[in-house]
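S.K.: Sequence:
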Amino acid sequence: MKNAIKYRLCALFMAWVLTAGMSAETVRAAELSSVVQLTSTYTYEEMINDITELCAKYPGIVSCASAGTSVMGRNIPYLILGNPAAPHSIMIQSSIHGREYIVSQTTMATAEYYAMQFSAGNLPDVFASTCFYIIPMANPDGVAIAQSIAPDWKANANGVDLNRNFPTAWEFTKGAASPGAANFKGFFPASEPETLAVMGLAGARNYSCYISYHQQGNIVYYDDDLTSPVVSALSTALASTVGSINRYALVNTSGTNASGTTTYGGFGDYVLITLQKPGITVECGSAYGARGQGQCSSIYLKNADTWAAAARLFAQ
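Residues in the sequence shown are numbered from 702 upward in steps of one, following the working numbering.
These are computed hints drawn from the structure, not numbers from a lab.
For each residue, glycine too, the CB sits at the ideal point set by N, CA and C.
Be careful, since some hints might not be right.
Have a look at the derived ranges for each label pair, beta carbon to beta carbon [as the list claims (entries may be wrong)]:
(1) 904 - 853: 27 to 33 Å
(2) 749 - 901: 17 to 23 Å
(3) 873 - 852: 28 to 34 Å
(4) 929 - 897: 22 to 28 Å
(5) 760 - 853: 38 to 44 Å
(6) 897 - 927: 20 to 26 Å
(7) 786 - 901: 18 to 24 Å
(8) 747 - 872: 34 to 40 Å
(9) 878 - 853: 14 to 20 Å
(10) 754 - 872: 42 to 48 Å
(11) 872 - 988: 30 to 36 Å
Could you put the whole structure together from the sequences, leaning on the hints where they help?
M.R.: This is the structure we're talking about:
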């Protein structure tokens, strides 16, 4: 217990030291992206085009590969941003819920921002230390359904809520009894190709941490049941670092699963419990889908600098 408290205090102090001087940094999202637009609905097809353009515009800085294929046959691409030979890596995934597609847009814009910075020779410490592996749209079928047919659709094309389909304590996950727009955990754990795609990339390398983007709430969730003291402390430090920049509320979820007030089977549970690695879930904005489109630029500006801060936290 004493060691756990010591780890938490040390991690929180590290986060404070790393963010205290941020105002003097070059890293600032003062300019909006030029390839990725932030003003209108962002489709899967537009994302694919933007990925192609970014890879062509920033060779040696941005490349892409496939994490897998969706139920409806859509490719699930991921970006490799930065120097693949860097000693540290961070995984980022967005839009595992279909209706939360705005975070795909802001994630792509943030990736472009860092590509611009790296290309200009800015943030040399981040480029040298950390490579980012990014799934900007983990649930492309769900996004297409939410944008065209059912605005509140969270699930994939099979009606499975992917963020309840991960194998971590899946049997204890509550929710809908049958496939639908939200909260059905699937007929068995990791039943969906999108879940397997995310798991595949998540387990592909020894990441320093994981960041998962959702909507809505302006909240950073961190920690979980059954994490080690070290993972708990590092997740706390990561949440504190990110929260000090985006000014979202910090919510520690440790203990809530055990009390039955929340659910298992999420990507965050998989990271923190199964992989035993630090991670956070960032709930962006106060509305999802078309209702939140006007917040897109604000979400981007509030969160862009957090990637560099996370990289610096784990590069120490």
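S.K.: All hints are to be evaluated individually against the structure, with a verdict given for each.
M.R.: So, going through the hints one by one against the coordinates:
Judged by the Cβ atoms, the range 27 to 33 Å given for residue 904 and residue 853 holds: they are separated by roughly 31 Å. Judged by the Cβ atoms, the range 17 to 23 Å given for residue 749 and residue 901 holds: they are separated by roughly 20 Å. The hinted range of 28 to 34 Å is satisfied by residue 873 and residue 852, whose Cβ atoms lie roughly 30 Å apart. Separated by about 26 Å at the C-beta atoms, residue 929 and residue 897 satisfy the suggested range of 22 to 28 Å.
Restraint check, residue 760 to residue 853: a C-beta distance of roughly 40 Å satisfies the suggested window 38 to 44 Å. Restraint check, residue 897 to residue 927: a C-beta distance of roughly 23 Å satisfies the suggested window 20 to 26 Å. Distance hint for residue 786 and residue 901: a CB-CB separation of about 22 Å, consistent with the stated range 18 to 24 Å. For the hinted restraint 34 to 40 Å between residue 747 and residue 872, the CB-CB distance of approximately 39 Å keeps it satisfied.
In this structure, residue 878 and residue 853 meet the distance hint of 14 to 20 Å, their C-beta atoms being roughly 18 Å apart. A C-beta distance of roughly 44 Å is found between residue 754 and residue 872, which places it inside the suggested range of 42 to 48 Å. Here the CB-CB span from residue 872 to residue 988 is close to 33 Å, well matched to the stated 30 to 36 Å.
When each numbered hint is compared with the structure, no violation occurs for any of them.
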